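Colleague: Chains as they are written, first to last, in the numbering used here: chain P, 1 to 543; chain X, 1 to 308.
Careful, some of the hints might be misleading.
Some chain X residues near chain P, calculated using beta-carbon distances under 10 Å [stated by the list, open to error]:
hint, residue
1, L49
2, K82
3, Q92
4, G155
5, E251
6, I256
7, Y262
Take a look, some chain P residues computed to stay more than 10 Å from chain X by CB distance [what the hints assert, rightly or not]:
hint, residue
8, A151
9, G343
10, E378
11, T397
12, E399
Hints in this document: simulated from the structure, not taken from any laboratory.
Owing to the predicted nature of the structure, the values given are computational and were not obtained by experimental measurement.
Heads up, the beta-carbon is just placed ideally off N, CA and C, and yes, glycines get one too.
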Amino acid sequence: MIAIRPRWVRQLGLASGLTLSTLAAVIAAPAMAETLDLGVTGELASFDTSQISGGIWESQILMDVYEGLVKKSPEGKVLPGMASDWQVSEDGKTWTFSLREDARWSDGEPVTAEDFVFGWRHLLDPANASKYAYMLYPLVNAREVNTGELALEELGVESRDDGRTLVVQLNQSTPYFLQLLTHYTAYPQPQHTFEQYGKEYVDLEHIVTNGAFTPTEWISQSRITTVKNPEYYEADQVALDGVRYHTIEDRNAGVSRFRAGELDIMREYSSSMYPLLKEEIPEATHMATYLGSYYYVFNHRDGHPTADPRVREALNMAVRRDVIADNIMGGTFQKSLSFVPDGIDHYQVQNAAFDDAEGNDITGDLNARMARAKELLEDAGYDQGNPLTLRLRYNTTDEHKKIAVAVSSMWRPLGVEVELVNAEATVHYQTIAEGDFDVARAGWIADYNDAENFLALLRSGVGNNYGAYANEAFDTLYDEAATTLDLDERKAILERAEALAMDDDALIPMLYYVSRNLVNPAISGWEDNIEDDHPSRWVSFEE
Amino acid sequence: MLSYTLKRLAQAIPTMLIVITIAFFLMRIAPGGPFDGERALPPEIEANLMAAYHLDEPLWQQYFRYLGNLAQGDFGPSFKYKDFTVTELILQGFPVSLQIGGLAMLLALAIGLPLGIIAALKRNTAVDYAVMGTALAGIAVPNFVVAPVLALVFGVMLGWLPAGGWNDGALPNLILPVIALSIQQIAYIARMMRASMIEVMGSHYIRTARAKGLTEAEVVWRHALRPALLPVTSYLGPAIAGIITGSVVIEQIFGIPGIGRYFVQGALNRDYTLVMGTVVFYGALIVLMNLIVDLIYSALDPQIRYDD
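Could you build the full structure based on these sequences and the hints that come with them?
Modeller: Have a look at this one:
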């Protein structure tokens with residue numbers, strides 16, 4: 001492959017006037033080596049799943065080396081993984097998983113229900129201070145175990161039938177539980193090596209994994225090398241000999257290395273390169289809807305002008321999303337009028353709609369919106385003599401800056417004076433959590449494919465509810481959905497909750513994120529999907 | 001000389017202590033902590049993290065805990081890269097940075113010094129203007145421009161060299177980053193060497209040497225070169241310490257696993273232990289390089305002697 005790959009990429013990259021026949025000839029070239037070179041945009045924090053920092057690049061590596069009770073298809077569908085099948089009790093609170101007979105760690109030891117019990121206790125052990133432990137809070141006693149109030153053994157998970165069956169007790173019916181099990185926090189950890197080596201069980205000389213690949217080399221900030229795990233139950237179906245994960249933080253450098261043929265896949269390229277890549281290597285340039293929402297938070301706290309619903313509605317309706325998405329971001333974001341991104345499983349997004357004073361829908365009419373926004377601000381007591389002044393905070397990146405400048409200029413015709421304040425991400429989020437802003441940029445990438453994961457941010461008093469939006473009716477609906485077993489009924493309740501928040505102008509929905517990947521067209525088994533999860537287990541080079 | 005060296009090393013201890021203290025408290029004054037990010041953590045999770053990293057203790061206690069660990073050579077675990085200690089990160093990254101930086105410095109000296117000398121000897125001629133014009137451009141164009149252009153031209157378009165990656169330090173992978181890193185240094189050294197050479201060539205003892213009937217080449221080699229090297233030598237101390245501790249720009253663009261990025265990322269991530277580790281390391285390196293420069297000084301200039 002090494003000999004072939006650079007040639008096709010170079011031809012694709014340089015010859016703008018490329019003919020289809022050359023392309024076909026290059027793509028049809030036979031695969032010779034089977035190691036995938038994959039560019040990721042950050043460094044893995046640890047192979048210990050309790051120590052992950054939350055980067056999306058981390059889940060790529062972890063999903064290749066570990067496997068949970070369920071796994072994902074190339075399209076993102078949930079498939080049986082370490083569990084061959086499962087039953088849910090009528091109240092939705094008890095899940096019983098049967099583990100597959102042929103599940104093994106890379107050292108040949110069987111993967112048992114004990115390994116799941118161990119892994120989940122390990123995650124929730126307060127001594128391990130896992131950042132993502134809350135992902136398993138739906139389990140009975142998980143929170144109490146994590147705070148140290150209860151012993152680890154009290155966690156609602158147990159191994160039965162000599163480790164062939166795993167029984168999980170949930171606090172309440174959790175319809176997205178299977179989605180949750182695809183997250184790395186739900187992977188098993190090898191109890192036998194932990195008992196032998198303690199915390200060093202993830203050192204490369206000791207590590208065992210139960211996924212399709214197992215790591216053999218780690219040069220910090222450079223690359224992680226894995227080889228196919230021969231003990232993997234479907235090893236005969238895994239086409240690759242291994243995967244090399246190259247840490248490439250600079251997005252443009254990643255593009256250069258992909259075009260030079262050094263990478264088969266580059267996870268993420270900078271949005272500003274999209275037009276060029278689309279032009280030069282269209283077959284390799286991927287862009288797809290992603291499970292993320294880009295929005296502006298309104299500060300609902302007393303004393304801020306945005307506590308007034310009229311001000312929020314006016315500001316919200318004056319934002320021209322199409323201009324931001326298409327002209328400013330060059331089509332690398334999708335405009336949105338809803339907080340929950342379109343494409344979430346079993347959910348219909350609830351778009352914000354804007355009405356004039358008579359109640360006519362003016363959502364599609366910019367002039368009418370601007371006129372109405374002006375009226376609303378005047379109603380709220382703002383005019384030329386007493387202009388509305390806002391502090392808009394964003395975290396420092398070029399993209400956020402462009403958008404903030406654009407939004408403030410969209411508000412200027414309303415007589416709104418905007419003070420733009422930017423800070424590095426750490427400071428930004430701390431500042432807005434303390435409430436020192438009127439409008440602030442924020443984004444949310446879902447942990448799992450369920451609308452609940454977004455709507456949870458709007459509950460009263462929740463840490464990520466930066467604007468302190470509080471509506472009892474919303475909270476009631478949210479809680480009701482959490483205990484509703486019927487999926488259609490639950491869907492309707494969640495939709496009502498979002499509609500309510502949109503009606504309140506709780507925030508400014510602005511854009512949906514998209515995933516941006518560069519993928520060698522000679523690769524198959526790699527599909528765009530909304531979660532942007534691409535297990536290498538399915539990937540192969542076309543013969 | 002030996003006692004002078006020992007004295008200098010002893011003086012380094014209070015210097016380092018001051019550096020550590022300032023860095024420690026500056027880092028803590030910076031808003032935001034290692035676990036603040038896009039997602040607010042549930043309070044119980046945050047409490048676990050604070051306890052695990054002793055961040056819930058009073059600051060003075062953390063400070064003395066850090067000094068105590070440091071005295072035993074323990075830089076602590078990285079807050080961000082959990083499978084590595086700070087010592088491991090520095091030990092893994094430093095040889096890489098040393099290799100790239102060292103080669104870049106050698107290249108810069110090999111090209112910069114002769115260019116500076118030639119420009120000085122051909123002062124105010126087309127040669128001088130060409131050399132100095134190029135040097136000025138070398139200083140003016142930052143390496144975050146040079147590096148991607150090199151990668152694009154030689155890696156992507158011509159395909160002669162890898163566009164990035166370390167590949168365990170294989171020669172083809174070294175060439176572009178070393179060139180990108182050396183360009184500014186070549187320019188600095190050439191300009192400095194020219195200025196100092198011009199000054200030396202105008203001094204009395206050069207006139208005397210010429211009066212003795214020495215050829216111009218003998219004048220330059222035997223009498224002008226050594227004193228002219230003095231300012232460059234004093235520049236080299238901190239410059240070498242800087243260049244061998246890596247460059248975040250070069251490392252990120254070429255995907256090189258050096259330690260340069262830790263200075264920047266450690267600070268941005270509020271990875272307290274990693275920042276402290278790099279500060280201590282860099283500080284010690286500066287102290288060491290300055291000492292070496294002073295010792296070289298005495299070899300270059302007979303007027304300088306380090307007696308007790």
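Colleague: Given E251 of chain X was flagged as interface, is its beta-carbon under 10 Å from a beta-carbon of chain P?
Modeller: OK, holds: E251 of chain X within 10 Å of chain P, min 8 Å.
Colleague: Is the interface hint for G155 of chain X satisfied, with its Cβ closer than 10 Å to some Cβ of chain P?
Modeller: Holds. Min distance 4 Å.
Colleague: Given Q92 of chain X was flagged as interface, is its beta-carbon under 10 Å from a beta-carbon of chain P?
Modeller: holds (5 Å)
Colleague: Evaluate the condition: distance from the CB of G343 of chain P to the nearest CB of chain X exceeds 10 Å.
Modeller: holds (21 Å)
Colleague: Grab the minimum beta-carbon distance between A151 of chain P and chain X and tell me whether it stays above 10 Å.
Modeller: Fine: 16 Å to the nearest Cβ keeps A151 of chain P off the interface.
Colleague: T397 of chain P clear of chain X by more than 10 Å, beta carbon to beta carbon?
Modeller: Non-interface label on T397 of chain P holds, nearest chain X Cβ at 12 Å vs cutoff 10 Å.
Colleague: Would the hint on I256 of chain X stand, with a C-beta cut-off of 10 Å toward chain P?
Modeller: holds (7 Å)
Colleague: Go through the hint on L49 of chain X and say holds or violated, using the shortest Cβ distance to chain P against 10 Å.
Modeller: holds (5 Å)
Colleague: Minimum Cβ distance from Y262 of chain X to chain P below 10 Å?
Modeller: holds (9 Å)
Colleague: Given K82 of chain X was flagged as interface, is its beta-carbon under 10 Å from a beta-carbon of chain P?
Modeller: Hint holds; K82 of chain X Cβ to chain P Cβ min 4 Å, cut 10 Å.
Colleague: Would E399 of chain P pass as off the interface with chain X, using Cβ distances and a cut of 10 Å?
Modeller: holds (14 Å)
Colleague: Are all C-beta atoms of chain X more than 10 Å from that of E378 of chain P?
Modeller: Holds, because the least Cβ-Cβ distance between E378 of chain P and chain X comes to about 36 Å, which exceeds 10 Å.
Of the numbered hints given earlier, the model fails none.
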